[in-house]
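The whole structure should be built from the sequences, with the hints applied where relevant.
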Amino acid sequence: MLIVEADHVWKEYSLGEERVIALRDVTLRVEEGEFVTIVGRSGSGKSTLLHLIGLLDTPTRGQIRIRGRDVSRLPDSLLSAYRGRMIGFVFQTFNLLPTLTAWENVALPLRIVNVPERDVHFRVRDALERVNMLHRAWHTPHRLSGGERQRIAIARAIVHDPLLIVADEPTGNLDSENGLAIVRLFLTLHEEGRTILLVTHDPDLSRVGTRRVVLKDGRIIREEKLSERDRREALRVLAGRE
Amino acid sequence: MGVLGMLVRMAWRRLRADVTRTAFTLLGIGLSIFLLSSILIISTSFTASLRELLEEFGGNHVYVTPGLNPMPGGNAHVFHDETLRALRGVNGVREAIGIRLAAYQVGVGGETRILPVMFITLGNPSVVADAYKFTSMLREGRFFQSADEPGVILGADAADKVFSRPVHVREILRVDGKAYRVIGVYGKLGTPDDRNVYLPYAVGQKDFGIRAYDMIDLIVQEGVDTASLEERVERLVKRLEGFTPLVLTPEAVQEEVSDTLGLATAFLSMLALVSLIISLISLANTYLAIVEQRRREIGTLRALGMQRWQLALLIMIEAGMVTLLALLAAYVLSILVLTLLTPVFRQALPTYQLIIPSHQLVGIGVIVLLAAMLLAALPSMILQREEIISLLRS
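Residue numbers (this note's numbering), protein chains in the order written: chain A, 1 to 242; chain B, 1 to 394.
Hints listed in this document are in silico derivations from the structure and should not be mistaken for laboratory results. Be careful, since some hints might not be right.
Pairwise CB distance ranges (calculated) [as the list claims (entries may be wrong)]:
{"no.": "1", "chain 1": "B", "residue 1": "Val274", "chain 2": "A", "residue 2": "Glu129", "range": "55 to 65 Å"}
{"no.": "2", "chain 1": "B", "residue 1": "Ser390", "chain 2": "A", "residue 2": "Trp10", "range": "13 to 23 Å"}
{"no.": "3", "chain 1": "B", "residue 1": "Val274", "chain 2": "A", "residue 2": "Gln63", "range": "49 to 59 Å"}
{"no.": "4", "chain 1": "A", "residue 1": "Arg69", "chain 2": "B", "residue 2": "Asn285", "range": "36 to 46 Å"}
{"no.": "5", "chain 1": "B", "residue 1": "Leu374", "chain 2": "A", "residue 2": "Glu12", "range": "28 to 38 Å"}
{"no.": "6", "chain 1": "B", "residue 1": "Arg21", "chain 2": "A", "residue 2": "Ser42", "range": "32 to 42 Å"}
A virtual CB, placed ideally from N, CA and C, is assigned to each residue, including glycine.
Structural data, given as structure tokens:
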């Protein structure tokens, strides 16, 4: 089933008086259960595409459709509701709230949409168990390592059972050991049936998914399906960096 | 817990995370509210206490003075005996007391001071004593027993503070060189009258040659229509003396006192209000800085699906908590300080008692709270117009 679809999407920015075209006529479809990686150099437009699909930004032209519904021109309140219920974000810099405990950070997406407190308890517990961080639930982010913070961020991204997990350079701020652990976590989530869209500039990391999209100068220049062998090889290379 | 519970918890954590900033914000708003609430409590307490004093001193008195100055001796005109007699015959008047105030050298032993001497007519001393509640206000001795008794009664300060030692009943006091025995000493009233030396008017006529009155005090019957009485008195004085007097009814005196206090209160409140507004503006400024610091956090919350109104509410709750704490602390502090100051105020006004205008305080609290929350929310509302991406990149 088609989860999300970017259809002939353009994105232009104003940089002072200059117009910058970040995406040019990009079309991308993500099916349920896929693990799509987007790779490209800095300025290729990969993060812009991720932001558009994650409903953090709106396209200048073209459509973003979630389960067939065009969401590219929705009012802010509805976009927020879509984001809150259907998307799980994992950021490069973790973006945990420093004054909240790990548990409270994970509970945020549920509380924002007013999930009953008993459900919050079970779902947060389950999410923390999945990322193996239940033992650190009552620590605030400053008492956690980078890898632990990213695990908490991933728990926050899956706690509300979103349609799509979008991850923007999730290993960018981690050492190779922690980076690999996070990659393995994503693979486990994918095996559990979750749909993942991951952006990276790392060619090896971009090969751990089921499909790889290469962007250059705002255009998709290549799309390739990855085999189980490709993925094992990528993991082996990543492990070799330790 | 729900959204609101989560927002409250997040706001509380934020306040605790930055204790210094929270403390300074608390101090700024708290001090302004302390000033405002103290002024309000003092004004309410003084107005009520003065009203009580006026009622105690004579709710049935109508003061007739020759001009705008209500104090004896403060006007160009004076009243004469014919007017006093005529006023005694006005319907509704129980007694008319003529008063003359003059300054004389007053001596005890070898000491001499200049003091105000008040000569009062004592047509019927018992009525006068009763009307003024003079007997009950005497702390020592008695009131005059006849209209021409050559004795003096001293105000509390005249007896206690003017000379190097307190003056008591039965001592000899010289007024302008003439010797009189002290027959009574008043308790403290907390008014300028505490420095007076009282002598019967008839003694003043005989010994000092006084022939006119600076003020006439009408003791009126219960339930008399003071507005109509005022008119009749004005007409009568105009006919006999050739000028229109100032007639101060109890209501007018109370109004005068309330107006004067109200004016002082309004002025002081204005100052406190300005300081409060400055504090609230600095609160908005503080929150402008806070939301600027928290751009990424705001971006993250928006990315997680938080609505704009929820974010504004988060900042409002945070500002509301600080303001509520400041309000409570300021109210408790002002009540505590003013309770401690009550004995000091009682020296100036013996009937003074602390009255807490709870309705007004709650009203002010609600207004300040709402203003603080709205002002604090403004910067976050402005910030939320920015794209989430730009917030996340901060």
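How the hints compare with the structure:
| no. | hint | result |
| --- | --- | --- |
| 1 | B:Val274 - A:Glu129: 55 to 65 Å | holds, 58 Å |
| 2 | B:Ser390 - A:Trp10: 13 to 23 Å | holds, 19 Å |
| 3 | B:Val274 - A:Gln63: 49 to 59 Å | holds, 55 Å |
| 4 | A:Arg69 - B:Asn285: 36 to 46 Å | holds, 43 Å |
| 5 | B:Leu374 - A:Glu12: 28 to 38 Å | holds, 37 Å |
| 6 | B:Arg21 - A:Ser42: 32 to 42 Å | holds, 37 Å |
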